[in-house]
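Take the sequences, apply the hints, and build the full model.
Going line by line, the protein sequences match chains V and C.
Going letter by letter, the first sequence gives residues 1 to 595 in full-length UniProt numbering.
Going letter by letter, the second sequence gives residues 1 to 595 in full-length UniProt numbering.
Source of the hints: derived by calculation from the structure; they are not laboratory data.
Treat the hints with care, as some may be off.
Pairs involving identical chains hold if they fit within one copy or between any two copies, as the list cannot separate such chains.
Stated by the list, open to error - Straight-line Cα separation of at most 20 angstroms, EDC-like style, residue types lysine to aspartate or glutamate; simulated pairs:
#1 Lys571 <-> Glu530
#2 Lys120 <-> Asp225
#3 Lys272 <-> Glu584
#4 Lys264 <-> Asp23
#5 Lys100 <-> Asp281
#6 Lys228 <-> Asp111
#7 Lys571 <-> Asp225
Every value quoted in this text rests on a predicted model; they were computed, and no experiment measured them.
Protein chains: 2
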Amino acid sequence: MYTPNFLILLLLFQQSIRLDAIDTRYVWGYQCLENKCVKTKITSENQNSILALQVCRLYCYEDIGTLWPIPTGNIVNSKTIVQFNSQSINVESELLFDNKYFIEAVNRFKDMQLKKIPSKYPLISGGKRLNVTINVETNDTILNYDTNESYQLTLIEESNQLRVTITAKNFFGARHALETLSQLIVHDELNRQLVTLSSVSISDEPKFKHRGISMDTSRTFFSVDVIKRTINGLAMAKLNNFHWHITDAQSFPMEMKKHSDLTKYGAYSHKKIYKVEDIQDIVEYAKARGVKVIPEFDLPAHIGEGWQKKKEHLTTCLNYKPYLKYCWQPPCGHVNPTVDEVYDVLEDIYKEMIDIFNPPAFHTGGDEIFFSCWNSSESLRQWMTDKGWTLDEEHFMKLWGQFQTRAQERLDKVSNGNLPLIIWTSELTEEPYVSEYLDKSRYIIQVWTDYKDVRIQRLLESGYRLIISNYDALYLDCGYGSWASDGYIWCSPYHEWQKIYQNSLDQLGGERVNQIFGAEATIWSESIDERNIDARIWPRASALAERLWSNPSEHWRRAEPRLLMHTDYLKIVGDLTAEPLQHEWCIHNEGLCQL
Amino acid sequence: MYTPNFLILLLLFQQSIRLDAIDTRYVWGYQCLENKCVKTKITSENQNSILALQVCRLYCYEDIGTLWPIPTGNIVNSKTIVQFNSQSINVESELLFDNKYFIEAVNRFKDMQLKKIPSKYPLISGGKRLNVTINVETNDTILNYDTNESYQLTLIEESNQLRVTITAKNFFGARHALETLSQLIVHDELNRQLVTLSSVSISDEPKFKHRGISMDTSRTFFSVDVIKRTINGLAMAKLNNFHWHITDAQSFPMEMKKHSDLTKYGAYSHKKIYKVEDIQDIVEYAKARGVKVIPEFDLPAHIGEGWQKKKEHLTTCLNYKPYLKYCWQPPCGHVNPTVDEVYDVLEDIYKEMIDIFNPPAFHTGGDEIFFSCWNSSESLRQWMTDKGWTLDEEHFMKLWGQFQTRAQERLDKVSNGNLPLIIWTSELTEEPYVSEYLDKSRYIIQVWTDYKDVRIQRLLESGYRLIISNYDALYLDCGYGSWASDGYIWCSPYHEWQKIYQNSLDQLGGERVNQIFGAEATIWSESIDERNIDARIWPRASALAERLWSNPSEHWRRAEPRLLMHTDYLKIVGDLTAEPLQHEWCIHNEGLCQL
Chain V
1 MYTPNFLILL LLFQQSIRLD AIDTRYVWGY QCLENKCVKT KITSENQNSI
51 LALQVCRLYC YEDIGTLWPI PTGNIVNSKT IVQFNSQSIN VESELLFDNK
101 YFIEAVNRFK DMQLKKIPSK YPLISGGKRL NVTINVETND TILNYDTNES
151 YQLTLIEESN QLRVTITAKN FFGARHALET LSQLIVHDEL NRQLVTLSSV
201 SISDEPKFKH RGISMDTSRT FFSVDVIKRT INGLAMAKLN NFHWHITDAQ
251 SFPMEMKKHS DLTKYGAYSH KKIYKVEDIQ DIVEYAKARG VKVIPEFDLP
301 AHIGEGWQKK KEHLTTCLNY KPYLKYCWQP PCGHVNPTVD EVYDVLEDIY
351 KEMIDIFNPP AFHTGGDEIF FSCWNSSESL RQWMTDKGWT LDEEHFMKLW
401 GQFQTRAQER LDKVSNGNLP LIIWTSELTE EPYVSEYLDK SRYIIQVWTD
451 YKDVRIQRLL ESGYRLIISN YDALYLDCGY GSWASDGYIW CSPYHEWQKI
501 YQNSLDQLGG ERVNQIFGAE ATIWSESIDE RNIDARIWPR ASALAERLWS
551 NPSEHWRRAE PRLLMHTDYL KIVGDLTAEP LQHEWCIHNE GLCQL
Chain C
1 MYTPNFLILL LLFQQSIRLD AIDTRYVWGY QCLENKCVKT KITSENQNSI
51 LALQVCRLYC YEDIGTLWPI PTGNIVNSKT IVQFNSQSIN VESELLFDNK
101 YFIEAVNRFK DMQLKKIPSK YPLISGGKRL NVTINVETND TILNYDTNES
151 YQLTLIEESN QLRVTITAKN FFGARHALET LSQLIVHDEL NRQLVTLSSV
201 SISDEPKFKH RGISMDTSRT FFSVDVIKRT INGLAMAKLN NFHWHITDAQ
251 SFPMEMKKHS DLTKYGAYSH KKIYKVEDIQ DIVEYAKARG VKVIPEFDLP
301 AHIGEGWQKK KEHLTTCLNY KPYLKYCWQP PCGHVNPTVD EVYDVLEDIY
351 KEMIDIFNPP AFHTGGDEIF FSCWNSSESL RQWMTDKGWT LDEEHFMKLW
401 GQFQTRAQER LDKVSNGNLP LIIWTSELTE EPYVSEYLDK SRYIIQVWTD
451 YKDVRIQRLL ESGYRLIISN YDALYLDCGY GSWASDGYIW CSPYHEWQKI
501 YQNSLDQLGG ERVNQIFGAE ATIWSESIDE RNIDARIWPR ASALAERLWS
551 NPSEHWRRAE PRLLMHTDYL KIVGDLTAEP LQHEWCIHNE GLCQL
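The following block contains the structure:
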C-alpha cells in the first residue's frame, strides 16, 4: 500500500498535538486555593493551568507540600512546577563515590523515581536533567546513637538543568536528603511527566534519635523479602531503627552454628530459618537505608521451641500445661538461672549474634518472668534452699537480678564490653531492683506500660534513658480478635493513627525529655503474617515517624491531608500494602470529610 | 565423557531411593491421636507412619476432617490415605458435557489441585487416576432462590483408579460437590504427593438459601480481578450471593450508555469504570462458581458524584455542607421524588442494569433518607404544599413511600415485572409504612440493625422475608479508626470470627426462621482498598458460610482447628490474603492455644 508523505506528516503532527495537550479522558483537575487543592472541571479555558492532584499537593500547603515527616529547620519552596527527566539523573559525591552504601542509595533513589511512572502510561520525553551533588565531611559509615542525621538540601532551576546540592555530616544525613528529594518529585498524570519544584531550600534534622519498630519473627516467620520491604518503608519515613525480636518461645528461626539443635528443632520448618548470610544481608540492606538493626535475644523467659534437647538441665517448665499457670503464652519455658552451663550456652549464642549482627546496641529482652515456672523445678528450689534463700518474691527477684548480671557479663565478654543494652520494663525495672541490677549508664529501658503509668516517671527520676512503646498507642497488633479465645486481644482497641500522632513524648518526659531516646511501634505477630503485616504497620508507623522526627505542635487534623498522600507514596514507591485511612472521595476533596 | 551403564543405573536407583523416603530436612511430623493431630519427632521407627500436618488433618477429626462448611447430610470417610495423580484428572458428565459453566468449573477444579503443589517442590510422579462422573437431572443453569443446591458424592478406591460419583439435581449442586472434593485433596509435603481418602460418602445441602457478602464499589473502586478473586473465595466456602453495591454518593463507576454523564462525571477516573462487558464478565464468572450477582441501585438517598449535570431539577441538597445536616457522609444528595423526569431517568438506568446483569433479584437500596435534604429544596416544598401536605414527618414519609412505589413501577416495566426486590431496613420498613408501601410478596428486607433490635421480630410477625446483616456481627469494616475523625468507626469494635459463627439465625427467627432467607456480611469501603479487602473478608466470611450452609450446633471451639486449615486453603488455593487467626505454633499444636 502507498501512503502519501503528507499523510505521514499529518499523523505525526496529530500525535504530537495529542501528547502535548492534557489527556482528554481526564475530566477533573485541581487548583490551589487558600492552601487547599480544589477539585475543578477541566475546560478549554483552564487546561493550561489545571493541575493533577499530586502536582497540586506538591506545593499547595504552606511550604511543606506533601513532605513527611515535616522538616524541622527552614523550608522555602517555590510555587512553580518544572518538568524533570527521569532518564537523566546524576548523583555525585566526591568523598562517597566508592562507598557501597552510597552506591546502593543512589540506585535506590533512581529506582524510586521510575516506580512513580504508571506502566501503561509512558512519559512524554523531555524535561531537565537532575544533577545532585552531595558534600559530606566523612566517608565513615558508623550508625549508632551518636550518628548525626542532619542535612541541608537546595534545589535551583538553571537554564539546562535542575541543580541539587546536599550538605550533610555523613552518608546518613545525605541519605535522608535523598529521601526528601524523592518526596519532592511526583508524577503528573495529566501531562505525563515527572515534575518537581523550581526552587527548594530545606534544612533538617530529627528531634529524637531512636525512631523505629520492632518485629517479631518467632510467632510468625517473615521472609527476608518481607523484612527488607518493611525496612525500606522505615527508610521512606526516615525511621532509623529495626528492633528484631528474632526468637521467642514459639519458634527459633535464627541459624546457630554451635547450638544447631536450637534451630533444627526450634524453627517452624527448614524453610523458615534465617541463615547467617540472610541476617548479614538484612543488616547491610538496612544500613544502606539509614536503619540500625538491634537484635533481641529474649531471656530468661520466652524460650520454648528449640530448647527440647537442653530441657532436662537448662530449662524450667518447658511446655508445661495449663500454660497460664507458668507463662502468658504457650509453649512455656524459662532458662534455669541456677545452672552454670546456661551461661556458657548464652555466651556461645551471644558470640554468634555479635559476629552476625555487629549491632550498635543489644536488646536482652527480659520480661514476663513467672516465678511459678522457676518454682516448678526441684533442682532450682534446692539450689535456692542450699543458699539459705526462701522461695518467695524477694529471693526470686534476687535470682532474676543475678541472672541478668551474669548474662550481661557473658555478653560483655564477647562484645566490646560497652554496647548499649536495652531491656523491657518488668518487675526488675522497678526500684529497688532496677538500681541494684541495671547500670543506668549501660541500660536503656524500653517501656511497654500504658502512657500514664507512674513507673515511667519513676524511671526518669532514677536517671534512666528510655525508649517508649506504650501499649495504648504503639502496639500495632491491638484491636483484633484474640488468638486464644473469643473476644479481643488484651491491648485492644485498635490504635488509630491519630492516637499515635498525638502520643507526645515531650509531655511524657517533661523536664526529663532528653532522657527519652525515642519510641518504637511493636508488631507482635500472634495474628499477623506476611500478607497482612504491611497494613498493620503502614501508615501508622509513619504517624510515629513524624512524631519522632518533627515532634510537631500541629494537630493531627492539619497532618491528615499530607498523610493521605504519604500513604499513597508508600504504596506506589514502597510496594507496601498500607491501610487506607479514607476513601478516594476524601482524597479528591481535601478537608471535606473531616467532622 | 564415558559413563559406565552400571553407574547410570546406580544414580537412577539412588534418586528413586531419595524420592521414596521422607524428605530428611523435615524434623517434625504428626500422628492422629484421639481426634487430634499431635506433633511428633520423625524417627527411623515412625517414618513410614508419620504424617504431614495437612494429611493428618484430612481425616483426624471424626468424619469431617477439614471440610468447610460441614456437610449437612451423612458423611462417611475412611481413615486411609491414597496417592493421587494431579496430572491425571478426568471429569465427565453426559448431560453437561458442552455446558460452558461446567467446562469452566472442571478447568477450575483442575487448576485448584495444581495450586496446592509448592512451585519449588515438584511432586513424585505416580498415583492413581482420578475419574469423576457427574450425574445431573437437567442442563438448565438458572440460578435463583429456587435453585436446588444439593449433591451426593462418593469416592471409592479401585485397583487402577479413584472413582468419584457425583449426583445432583443440576450444575450448581454438582459444582458444590467438586468444591467438597477439592477440600478432600491435600498436598503431602513429607512424601511430595497429592493425596486423598480411599473412601468417602457425603450427602449435603445448605440450610439457608441466601449466603453471601455485599461489596461497595462506590467509595472504593475495586478492579475486575479483585472482584473475581473475591467471588472465587465465595465459591470455595459455598457462599452463593454477591450483592453488588455498585454506586453511591462518592462515585458512579457503572458504565451507562444513555446517561453517560453519570459515569463521566461520577467515576473516580476513566480508569475506574465498570464497562458493560466487565459487568457481564463478572456475572458469568460468578455463575460458573454458583454465585448469584444481585445489583443494587441505591436511591433516593446515596447519590452524589455523577449527578452534577442533573443537579438543578432532579436532585436535592447535592454536595451541601456541613454534610451532617443533610446526610451521614459527604457528598450529600437525594433524588427529588416530586419531579416526574426522575422516574424517566430511573427507568433508563433500570433498563440498562436489567439488560447488563440479568439479575435473579434487584436491590433498591433505600435507606438513610434525610428529610432535611428534601426540605432544603424550595420546589419540593412547593410541590408538597400545593398538594395540601404539611412539611412534617407524616408527609415526608408519604413522599418516600410514593417514590418507592413509582420507582418500582418503572423497574417492573423494564424487567419481567416479578423480580424479587430487596430493600434495606429504614423508617420505611417500620409499620405502618412497610405494610402500606412494600408488598411482602415482592420485597425481601435486608436488616442492618443490631441483633437484638425489636424491629426484626416485628418484620417477621408482619410476614416479611429477611436477609440478615446485623451490624454488630456482620459488618466487616468495624473496629478501625474513623475515616472522618479520630476515634472509631460507628459500628466498632471489630467483629471476630467467633461472633459471626455464633450469630444464630435460628434463635433470631424462632418459629419464623423459615422467613429468613439467609445472611450477608457487608464490606463498606470507607477505609478499604484493593490491598486490604481480602483480610477484611477472609476468613470471617467463611465463618458466616458455615453458619448458613451447615447451621452447626457445635461451639466455635470445635470449629477452630478446621477454620485454621480452611484459612490456609483460602490462601494457597484461592490466592486470598486471609487474616491469620492464630500463629503457626497453634496450628502445629492443635488445641494447645485455647484458653
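- Query: Quick check: which numbered hints come out false for this structure?
  - Reply: Of the numbered hints, all hold.
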